[in-house]
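Engineer: This is what each chain is made of:
Number of protein chains: 2
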Amino acid sequence: MQPSHDDAQLKTAIIENFGTPCLVIDLDIVERNISKAQAICDAAGVANRPHIKTHKSPILANRQIKAGAHGITCQKLGEAEVMADAGITDILIATNLLGAARSGRLAALQKRLPLKVCADNAISLAEYAKAATQAERVIDVLIEVDTGQQRAGVETPAEAFALAQIIKAEPMLNFAGLLYYPPLDGWPRTQVFHAELSAELAKIGMSAEIISTGGTPNLANIDKLKGSTEHRAGTYIFNDRMMIEAGMASLKDCGLHVYSSVVSRGGTDRGILDAGSKTLTSDTGGLEGFGHIIEHPTARISKFAEEHGFLDLSRCNSKPEVGDIVRVVPNHVCVAVNMVDQLVAVRGGEIVEIIPVAARGKLV
Amino acid sequence: MQPSHDDAQLKTAIIENFGTPCLVIDLDIVERNISKAQAICDAAGVANRPHIKTHKSPILANRQIKAGAHGITCQKLGEAEVMADAGITDILIATNLLGAARSGRLAALQKRLPLKVCADNAISLAEYAKAATQAERVIDVLIEVDTGQQRAGVETPAEAFALAQIIKAEPMLNFAGLLYYPPLDGWPRTQVFHAELSAELAKIGMSAEIISTGGTPNLANIDKLKGSTEHRAGTYIFNDRMMIEAGMASLKDCGLHVYSSVVSRGGTDRGILDAGSKTLTSDTGGLEGFGHIIEHPTARISKFAEEHGFLDLSRCNSKPEVGDIVRVVPNHVCVAVNMVDQLVAVRGGEIVEIIPVAARGKLV
Chain G
1443 MQPSHDDAQL KTAIIENFGT PCLVIDLDIV ERNISKAQAI CDAAGVANRP
1493 HIKTHKSPIL ANRQIKAGAH GITCQKLGEA EVMADAGITD ILIATNLLGA
1543 ARSGRLAALQ KRLPLKVCAD NAISLAEYAK AATQAERVID VLIEVDTGQQ
1593 RAGVETPAEA FALAQIIKAE PMLNFAGLLY YPPLDGWPRT QVFHAELSAE
1643 LAKIGMSAEI ISTGGTPNLA NIDKLKGSTE HRAGTYIFND RMMIEAGMAS
1693 LKDCGLHVYS SVVSRGGTDR GILDAGSKTL TSDTGGLEGF GHIIEHPTAR
1743 ISKFAEEHGF LDLSRCNSKP EVGDIVRVVP NHVCVAVNMV DQLVAVRGGE
1793 IVEIIPVAAR GKLV
Chain P
1443 MQPSHDDAQL KTAIIENFGT PCLVIDLDIV ERNISKAQAI CDAAGVANRP
1493 HIKTHKSPIL ANRQIKAGAH GITCQKLGEA EVMADAGITD ILIATNLLGA
1543 ARSGRLAALQ KRLPLKVCAD NAISLAEYAK AATQAERVID VLIEVDTGQQ
1593 RAGVETPAEA FALAQIIKAE PMLNFAGLLY YPPLDGWPRT QVFHAELSAE
1643 LAKIGMSAEI ISTGGTPNLA NIDKLKGSTE HRAGTYIFND RMMIEAGMAS
1693 LKDCGLHVYS SVVSRGGTDR GILDAGSKTL TSDTGGLEGF GHIIEHPTAR
1743 ISKFAEEHGF LDLSRCNSKP EVGDIVRVVP NHVCVAVNMV DQLVAVRGGE
1793 IVEIIPVAAR GKLV
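Those protein sequence lines, which keep their order, are chains G and P.
So the first sequence is numbered by the working numbering: it starts at 1443 and just counts up by one.
So the second sequence is numbered by the working numbering: it starts at 1443 and just counts up by one.
The shape of chain G in the complex, shown without the other chains (with noise of 0.2 Å):
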């Protein structure tokens, strides 16, 4: 593919004011992104809690939520207390948390705050609620469920129940709700599930208030769990290779490239670029190959050592000079993103915006 003059200017001005490996996303992009997910949630009725993960950035969050959103979603408590630094104040932690509770950011950042987490079992709960009582504010906790992911979560509405049971005996605990992850194909077992285990709450007075959904993929099936109230995805603010594959985007639709260059040819068929595992990380999301190359569909980014990715030209009629720069749409965007403290915005060709990615390393 010939890149266009605008295509060059805008690589060197990435080069010479950044160098390379440099993340870019295109605003144009992710802001149609952020509205077709948004556009979606509207249409089925379901309240958008985008998940963070993805982006890590308070200024990108709350554009989603300017668009819409009506909360956010964190994995790690730290991103929480990154987001509550950023003004933004309904915020779920769709995970157990135990790091962050014993270490007591549980319950400063709830005092600060009042925090929705989440819990598959009693000791999180028990840890819950020693921090509700340190910040002496009660916390809201769904319950998290497993319908064949084979993740995090109950896998029967008995032990969903039996949560429940000890969140209403709890004074420093309130039950806020059930989070569900389906399986693209488990939307009828998660409203089965959900059937039951609300039949049984129903029978000692409680009710879920918030009834959430989660992953870009499942947008497409977002109406598909009756009484659902929220949905949580990440991904699509950007897309990557796994949303390709997944038919949610196309190359069109994927709003973050990674600009590297090539920086040694060896032989006919090989080649390496500046970015290795450290960039785009050896998260492979099932597909071959480690991203792919915009101006070079058929090269194959085939092994990665640490600052370098290993080029397999050996489909490629034009082959990369060393000198020049690419654009890789990373197969799993979420990791690479979390490499990086900055993202480069561009809009129509020009550099606009530097964005921090002020959540990344928060491990707990």
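Treat the hints with care, as some may be off.
The list treats identical chains as one, so a pair stands whether inside a single copy or across any two.
[Stated by the list, open to error] For lysine-lysine, the following DSSO-like pairs were computed, each having C-alpha atoms within a straight-line distance of at most 30 Å:
hint, residue 1, residue 2
1, 1645, 1745
2, 1572, 1666
3, 1761, 1804
4, 1572, 1610
5, 1645, 1610
Honestly, the hints are just simulated from the structure, not real lab data.
Given chain G, work out where chain P should sit, using these hints.
Structural biologist: Chain P alone, transformed into the frame defined by chain G:
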């Protein structure tokens, strides 16, 4: 394995002071590893130039120098900037720099101190000459040679010779030597390559002052290249499962553990750690499972979500419970360290120091 009293106390101190996951290094082991590699280099009469990619910490780099290393190796200019800020003056950047050269940062650092850089192509050499001219200081260049790794480096003595001639003709470049990274079984052919190239260079009055080899597993081969002057190894400072697999370390030589909490137990044979691909990374190093759990050696970290490590406990007699803290030896320690902003250092079971990973995230 029943934890000793000390282990339990340290775990409590880690989770209460920092939360989990948390990267913890044991300074007694780290110092032993530093001494051991230094002794190997000393015994071979080869200078030690550790690669800081593993720890990215000026504090630890300075300890390696204090123990006898004569300088350091970096992979990115941004790493060299951080190390220079900490007073380190003998720095080799072991890669073709393009992004950093074109953004002007190479020239700026070369103005501050005389760097050693590497090239395997004429375009990089032209960039180095430009940077040296800007910096008003001749730059030392090593020619990178590939004798079988299929990574960066010229593949024939003739190509290396051609680059040496370019360097000789360019007044702002100084030919400083040859950079090798022999495959484990490739030392004999590296010797042949080196002899042939040296003979050619001698004909035009050139000789390599620095003859550099690399790799922790290659510490076992260090005396096998006649004339070599220095060795670059990185991983030895902490070691990991890959180094155990390579026969270079035992579990007791692994100086870095990822302390992680069991946050969920779904079903008899499943468990979830609060360390996922954003902590341990998806680098397998060709090994089975994504880490070794000290307390449960038969448990298998079978896959990752971004913030969760999924445990297969089917082979465990004693299974961890929610709330248990376990210590994970990563498959590849260099990429795990690269995920965090600090390491917690312990000695004799006590927390003694916080070591910033100051050069983390320096992609350019």
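Engineer: A separate judgement is required for each hint: does it hold in the structure or not?
Structural biologist: To see whether the hints hold, each was checked on the structure:
1. Proximity of residue 1645 to residue 1745 under the C-alpha cut-off of 30 Å is found in neither arrangement, the shortest distances being 56 Å within a copy and 39 Å between copies.
2. Taking the shortest Cα distances, residue 1572 and residue 1666 never come within 30 Å of each other, neither inside one copy (37 Å) nor across copies (61 Å).
3. In this homomeric assembly, residue 1761 and residue 1804 come within 30 Å of each other (Cα to Cα) only across copies, at 28 Å, whereas the closest approach inside a single copy is 40 Å.
4. Taking CA atoms no more than 30 Å apart as the test, residue 1572 paired with residue 1610 passes inside one copy only; the shortest distance there is 15 Å, against 71 Å between copies.
5. For the identical chains of this complex, residue 1645 and residue 1610 are intra-copy neighbours only, at 13 Å inside a copy versus 87 Å across copies, given an alpha-carbon limit of 30 Å.
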